[in-house]
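Novice: Sequence:
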Amino acid sequence: MDSNSNQPSRNLNLEKKGSNRYTNSQKNSLKRKFMRFLTTLIVLGGLGYGAYWLNNTQPELKHQAIEMINTGTFHTLEARFTAAQIMEKERLTLLKDSDHRYNPPSLRFHPYLLMEVKFTASNFQTEEGIILWDLIDGEMVLDTNSWDKTHGFADCINAGADKYEYKILTTISKNEGKADRQTLMNSLNIETHLFEKWIDRARKKKLIVQHGNDYRIHLHLPVISVRPSTTIADPLVTKSCKHSERINRRYSPTQIKKAAEAAFGIDFAIRSTQDVFLPIYSITVQNPDGSLHTTHWNALNGKRINHSNLIE
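Take the sequence shown: its position 153, counted from the start at 1, is 227 in the working numbering, and no numbers get skipped.
The set of hints was computed from the structure by calculation and includes no laboratory data. No experiment lies behind these values; they were computed from the predicted model shown. There's no promise every hint is true.
Claimed, not checked - Here are the in silico distance ranges between beta carbons for each label pair:
(1) K163 / G339: 39 to 47 Å
(2) I204 / L121: 29 to 37 Å
(3) R345 / E152: 18 to 26 Å
(4) K316 / P178: 18 to 26 Å
(5) Q360 / T200: 53 to 61 Å
Claimed, not checked - Simulated crosslink set (DSS-like; lysine-lysine; CA at most 30 Å straight-line):
(6) K279 / K241
(7) K241 / K332
(8) K248 / K280
(9) K332 / K248
(10) K279 / K237
(11) K332 / K237
(12) K237 / K278
(13) K331 / K237
(14) K248 / K278
(15) K241 / K271
(16) K192 / K237
Yeah, the Cβ is synthetic: ideal placement off N, Cα and C, and Gly gets one too.
Please construct the entire structure, taking both the sequences and the accompanying hints into account.
Specialist: Written as structure tokens, this is what we have:
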């Protein structure tokens, strides 16, 4: 009798325990779901902030990433010469006699930054132009016909030169490559303690050297004080290219933009930028002894690239 009367009580206790276990299981499941939701929210927030930061600080990287993901293409300057035309034109130079012969040429693409800019000219009028800047040697193209370049910007970029150091270099350059202390102070129009600070910093970065009373740029035949625009011989035409061999750049667009803005003054402004690639022909000649001699040629103007040792 007692045993039967206690049975419902035990059943009730078991039901309560089962119900508690079910409730606890539900709570744990909800907790896990909430934690997964919270983690996902944090990750999405981080990705969103990263995208916002990239868009505002590195717009060219965002543009390039979207372009490469969507199309796998890149922009190249349109070649005006073929490898065959250059090989025929330079035959007497490259093939010294009948024992030398051509190997098949190859095509690679050299990275540049194309910038649309505006600036104040020497007559105090606003001008607009295009700058083509080499992302391998760090120098600006002055003229697309000769492909002459500046000499000294790469050293400034590597040294992290600021606008004050560029002012010193520009002043020295405008004074036929050397300037004494008084000339620099008068031109820069700064107080003595600031002058000493700027000069000392430029010396430590090996941008300038002092010989007696004169300061000079620490480069052989520097070309730094230039008009901030590339002389374009013929209109530059870009086209899309896909699955071609590109040479790795050594300088980023951000480094180039920072250098240009520091060097060309407060009225200089970059309106837009675009990564472009210059087609380069590698023409190889096989010598009679079996050795090979390779030269590199600009497909835009048909001329030899002098510093081809930079092409990896």
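Novice: Going back to the hint list, which numbers does this structure go against?
Specialist: The structure conflicts with no hint, since it agrees with every one listed earlier.
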